[in-house]
Amino acid sequence: MKRTAFILVLLIGLLLAWAARDFPAWGDPHSPASSSAVSSHFIANTGVDTEVPNMVTAVLADYRGFDTMFETVVVFIAGLAVFSILRGGPNRRTRDREFVVDFEPDLIVTNTVRLIVPVIQIFALYVLAHGHVSPGGGFQGGVAMGASFILIALSWDLKTALARFPIERCFTVAALGIVIYAGIGLLSMFLGGEFLDYAHLAKVFPVSPEMARYHAMLGVEIGVGFTVTAIMFALYAGLSTDGRMRDGL
Amino acid sequence: MGLELFNTLILSLLVVVAVLSLWVRDLVVSAVVFGIYSFLMCLLWAEMGAVDVAFTEATVGAGVSTVVLIATVFNLKRKAKD
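Those sequence lines, one after another, are chains Y and R. Numbering follows this note's numbering, in which position 64 of the first sequence is assigned residue number 68; successive positions increment by one, without gaps. Numbering follows this note's numbering, in which position 36 of the second sequence is assigned residue number 57; successive positions increment by one, without gaps.
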């Protein structure tokens, strides 16, 4: 059985290596991605349309906003799914685990974390807010923010972290993120545009249509950041305790 | 030339790390080796100029998913059987 699996894996690996020969060379100017009309449209028009210097954010949050909205929904559903599977049905087996983690929080570790967590959270907010001009955005900022709560859970215990960010609030915040995102989309729809057509927000806010798109992207990224922060922490809390939400790492 | 050398080094290290993560019996070690894999990928993305992807790889791949994997391993048997 093991040998069959090995041969299969080897064959599929060889097939992939053979298929990789059809890829364009690194930095090939004639590759489909570089020569496509869509790419050159984005490169030429992003700055004019939205005043956003970071093209990646503009494509993710504006041109392709519908896709990013449902990516956020996928993150939310993934968190819900993990949580409900771990909570399980009435007849789920309760197993003793191999390692019982039972220790006092370490003085050096907790004090280091006490110093470092505010820095991580400020950095997460910076990454979130500067997604337009520098690399970053809602996903990265949200993950860094969620990681700061995970760090608290790792260095004290899960109870300390859950006291700051209860698990029920996690899912409320995650849903709120999607509501913010979809709300900005719906608002631009009610103002006469299409769903997520941020330029129409300029009718109610005192900015040009370009800057309306710029600021709406920030709003959308904040929504994504909410969802990702909450779900990352909920995932850790669920997985480290086998869904019991106590006696975590 | 330097870039070629860098890419070759990273790509061959990637293969070594990928095999290693399947080779080791201890699942915690395996999770940490996955973290190393993500960091190498992050270096590779950054070298290609895809800074946004590199950033995501560093936070999600190397940061949170390693922690989540380790958190999961502590609820399993730590040593793999095969």
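Simulated from the structure, these hints should not be mistaken for laboratory data. Please note that a few of the clues may not be correct.
[What the hints assert, rightly or not] Just the calculated beta-carbon pair ranges, DEER-fashion:
hint, chain 1, residue 1, chain 2, residue 2, range
1, R, Gly23, Y, Ala37, 54 to 64 Å
2, Y, Glu108, R, Leu41, 27 to 37 Å
3, Y, Phe199, R, Leu97, 38 to 48 Å
4, R, Ala67, Y, Ala37, 34 to 44 Å
5, Y, Met193, R, Trp44, 52 to 62 Å
6, R, Arg46, Y, Ile124, 41 to 51 Å
7, R, Val37, Y, Pro210, 31 to 41 Å
8, R, Glu68, Y, Phe70, 23 to 33 Å
[What the hints assert, rightly or not] Some chain Y residues judged to face chain R by a derived CB distance under 8 Å, without partners named:
hint, residue
9, Pro57
10, Val63
11, Val137
12, Gln144
13, Val211
14, Leu243
15, Ser244
16, Asp246
Just so you know, even glycine gets a beta-carbon here, dropped at the ideal spot from N, CA and C.
Structure-based check of each hint:
1. Our hint of 54 to 64 Å for R/Gly23 and Y/Ala37 is violated, since their Cβ atoms are close to 25 Å apart.
2. About 35 Å separates the C-beta atoms of Y/Glu108 and R/Leu41, a value consistent with the hinted range of 27 to 37 Å.
3. Judged by the Cβ atoms, the range 38 to 48 Å given for Y/Phe199 and R/Leu97 holds: they are separated by roughly 44 Å.
4. Between R/Ala67 and Y/Ala37, the C-beta spacing of about 19 Å breaks the proposed range 34 to 44 Å.
5. Checked against the hint of 52 to 62 Å, the pair Y/Met193 and R/Trp44 passes, with Cβ atoms roughly 54 Å apart.
6. Roughly 33 Å separates the CB atoms of R/Arg46 and Y/Ile124, a value that falls outside the hinted 41 to 51 Å.
7. Our hint of 31 to 41 Å for R/Val37 and Y/Pro210 is violated, since their Cβ atoms are close to 58 Å apart.
8. The supplied range of 23 to 33 Å is met by R/Glu68 and Y/Phe70, whose beta-carbon atoms lie about 32 Å from each other.
9. With a least beta-carbon distance of about 13 Å to chain R, the hint placing Y/Pro57 at the interface is violated under the 8 Å criterion.
10. Because the beta carbon of Y/Val63 sits about 10 Å from the nearest beta carbon in chain R, more than 8 Å, this interface hint is broken.
11. Interface restraint check for Y/Val137: the shortest CB-CB distance to chain R comes to about 12 Å, outside 8 Å, so the restraint is violated.
12. The closest approach between the C-beta of Y/Gln144 and any C-beta of chain R is roughly 5 Å, which is under the 8 Å cut-off, so the hint is satisfied.
13. With 8 Å as the threshold, the beta carbon of Y/Val211 stays out of range of chain R, its nearest partner Cβ sitting at about 25 Å, so the hint is violated.
14. A cut of 8 Å between beta carbons decides the hint on Y/Leu243: the least distance to chain R is about 5 Å, and the hint holds.
15. Because the beta carbon of Y/Ser244 sits about 4 Å from the nearest beta carbon in chain R, less than 8 Å, this interface hint is met.
16. Nearest Cβ of chain R to the Cβ of Y/Asp246: about 5 Å, under the 8 Å cut. The hint holds.
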